[in-house]
Each structure stands twice: as C-alpha cells, then as structure tokens.
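Going letter by letter, the sequence shown gives residues 65 to 412 in this note's numbering.
It cannot be assumed that every hint is accurate.
Pairs of lysine-lysine residues, derived as BS3-like cross-links and limited to a Cα-Cα distance of at most 30 Å, are as follows [as the list claims (entries may be wrong)]:
| # | residue 1 | residue 2 |
| --- | --- | --- |
| 1 | K125 | K96 |
| 2 | K121 | K261 |
| 3 | K90 | K125 |
| 4 | K90 | K77 |
| 5 | K130 | K90 |
Listed next, with one range per pair, are the computed distances between beta-carbon atoms [unchecked claim]:
| # | residue 1 | residue 2 | range |
| --- | --- | --- | --- |
| 6 | A382 | D109 | 47 to 57 Å |
| 7 | D223 | Q391 | 46 to 56 Å |
| 8 | S103 | K319 | 53 to 63 Å |
| 9 | A301 | R97 | 39 to 49 Å |
| 10 | A307 | N178 | 45 to 55 Å |
| 11 | K121 | A307 | 20 to 30 Å |
| 12 | K121 | Y336 | 21 to 31 Å |
| 13 | R316 | N144 | 36 to 46 Å |
| 14 | G311 | E256 | 14 to 24 Å |
| 15 | E154 | H226 | 47 to 57 Å |
| 16 | E326 | M95 | 20 to 30 Å |
Quick caveat, the hints were computed from the structure, so don't treat them as lab data. Even for Gly, the Cβ is constructed at its ideal location relative to N, Cα and C.
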Amino acid sequence: MLRRALYSWAFNKNAWAQELTEEWRKALGWMKRNSLPISALAEADVLRRALDALCRKLDGKAAAAKTARRKRAALSEVLNTAVEKGYFAENPLNGLRWNAPAVNEEVDPAAVPNPAQVARLFVAVAAQQPGRGPHLEAFFGCMYYAAMRPAEVIHLRFDQCHLPESGWGMLNLSGGVVTAGKEWTDDGAVHEVHSLKRRAATATRPVPIPPQFVRTLLAHVERFGVAPDGRVFRNQAGNYVDASAYGTTWARARKHVLTRTELASGLAKRPYDLRHAGISFWLYSGVDPAECARRAGQSIEVLFRHYAKFLDGVREQANRLIEQSIQEWGRVSQGTATVGLSRDLDRK
C-alpha cells in the first residue's frame, strides 16, 4: 500500500490533479511522521544506511550490482537538487566512504553467438509463420549488422536508410523510442522519443551496413512497407514494436534451433546479445576499436571495459602486423627488401 501511494501519487505529478484516496492519505501521513528530515543525510552513518538499503530488493535479497549503481546515481541527483535548494552546501555523497557492489561490465563470450549461429537464429525467426516472425527478421538484423540498440531499431525511419541496389548501405541513426508509461509522460503517451544515448538532441550516428543486409532491408520494405510516419518496423496495429513481442519471437527461435548445450550456456539469451555479437565480430575482423565504438555509439573507454575478452584477437592481429613490419625493415637494413617495399620507402 505504501509503495503504491508513493509511486502512483506522491512521486507522479501527473496524478496530483486527481483526488487523493483516504487510504493513500493515511499511508502518506504515516510516511511523513516516520521519515527522517533531509538534514539527517548530512550524517555519514545515516547516508551509508540509505545506500545499503538501495542494494536490497523488496524481498530483502541482494539486488544486482548494476541496479544498486543505478539507484545510487538517482540518489545523487536528488541530493544535487537538495544542494540547489539550499539544504546542503555540497552533495553529502562527496567523500563518503562506502563500498559499492562490484559490477562486472564485461560481455560474456559464452552468451555471444557466432555468425553461423546468428544465421540459424534468423532463419528460425523468419520461419515463424503465421505471425510476426518474418517482420522481425530485419528488426533483429539491425541489432547484429549495425549493432543498434532495440530502442534505435524501433525508431528507425525509412528516410534514415540509404539502401543502394549494390554495395554497402548506410543507416543514419538519430534517436530511440523508450517505453515510459503513460503515467510518466507529459502528453500521456506510452512511449517517448529520445535522442541518441548520451548525445545532443540533434546528433546523428551514421552506421554502414554490408550489402547482404542492405538486400534484407530492401526486401523487408518491399514486402511490408513502412508506417505512416515512415518507421520501418511496426506491429500489426501500426504502433511501436513491443519488447515483450519481439522477446517472445526470439525465445521461440532459440528453443527451435539451439542445442541443449547452447541453451544451457545462455547463448543469445536476449535479443540485445545480437548487438554484442555484432560488435565482437567487428573486433574479431580487425576493425579499429575506435571505429567500432563510433559505430556502436559508445566511448572507446566503454568499449574496452565491455569487450575486454574479445580484444585478445585484435591484439594478436596487431602484433602480427607489427612483427611483419619489423621483419620488412630488417630486410631493408640487410639490403634484401622486396622491390615494392624499397620503392615505397624511397617515396617516403
């Protein structure tokens, strides 16, 4: 009851125009009487207890480390607002000694499908007829071939796609669609359109796509058309594709084509693992990590944190190239360099 009163009314300004029920009024009154004043958060022990509480779920069990970190960030923003309003001279979290739960940000290679496994999964998606399967084959392809986030795929419009009859194409991404809930949007809509993650509102991100996926997208548009607003992907009612819908289709595809061992390992457990698969394949192929990060819409620091286990192959390839150059220079010093290399060096 207390949680519903806080979530559905006290923290939701859109609900304030509604009459507060007597039940919720009593619950919020109890909360007011039993809450510490905000000034108590200036005490280190009180603030540490608050942070410890953020690390627990409603059932008292430990929350995931990422959840705890996200909630700490939210608390920090609340305290920054309190600083602006004059309750504190500075954010009480600054300098506080508290051990946050360790977060493992590295992508697990066991969960990342290889190209052959991805191909099997895509065939299984398209085979789900009648149903949404054929419509979602290209949807999942965007996550793999362009390493797009699901929200970015949902937002993709046809005018953002350069799809030539031959050669490489380009997707010029400009934002994503997130499900906020009608209670939390200004216009009462279930979805909100956001700019690219951690980018300016007008920022775009061009991502090249290979010829085979260009053909897939062209075939998709020819078969299904686009939504009235130009979106490439939509549900049967013409609305945004729902996460639960494409999640169900993906789960069926996994169950149909993966072996028991692959299923047990968690291979491609979530559609988002296709994005990991796309980025890791770029790295494996020898693409510069900085270019991988740019295409994926990440910083190079995030890329190295998340894909550290996939960078060994990149380092090995770099070592081979360096070793090859050392050997060629050695031949130059000995006067045994090839004609082509000698000419290149003469030009330099």
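Hint-by-hint comparison with the structure:
1. K125 to K96: holds (26 Å)
2. K121 to K261: Holds: K121 and K261 sit about 27 Å apart, inside 30 Å.
3. K90 to K125: holds (28 Å)
4. K90 to K77: holds (19 Å)
5. K130 to K90: violated (34 Å)
6. A382 to D109: 47 to 57 Å: holds (50 Å)
7. D223 to Q391: 46 to 56 Å: holds (50 Å)
8. S103 to K319: 53 to 63 Å: With a Cβ separation near 55 Å, S103 and K319 satisfy 53 to 63 Å, so the hint holds.
9. A301 to R97: 39 to 49 Å: Between A301 and R97, where Cβ atoms are some 47 Å apart, the hint holds.
10. A307 to N178: 45 to 55 Å: violated (25 Å)
11. K121 to A307: 20 to 30 Å: About 22 Å separates the Cβ atoms of K121 and A307, which means 20 to 30 Å holds.
12. K121 to Y336: 21 to 31 Å: holds (22 Å)
13. R316 to N144: 36 to 46 Å: Given about 45 Å between the Cβ atoms, the range holds.
14. G311 to E256: 14 to 24 Å: At 20 Å between Cβs, range holds.
15. E154 to H226: 47 to 57 Å: holds (50 Å)
16. E326 to M95: 20 to 30 Å: violated (49 Å)
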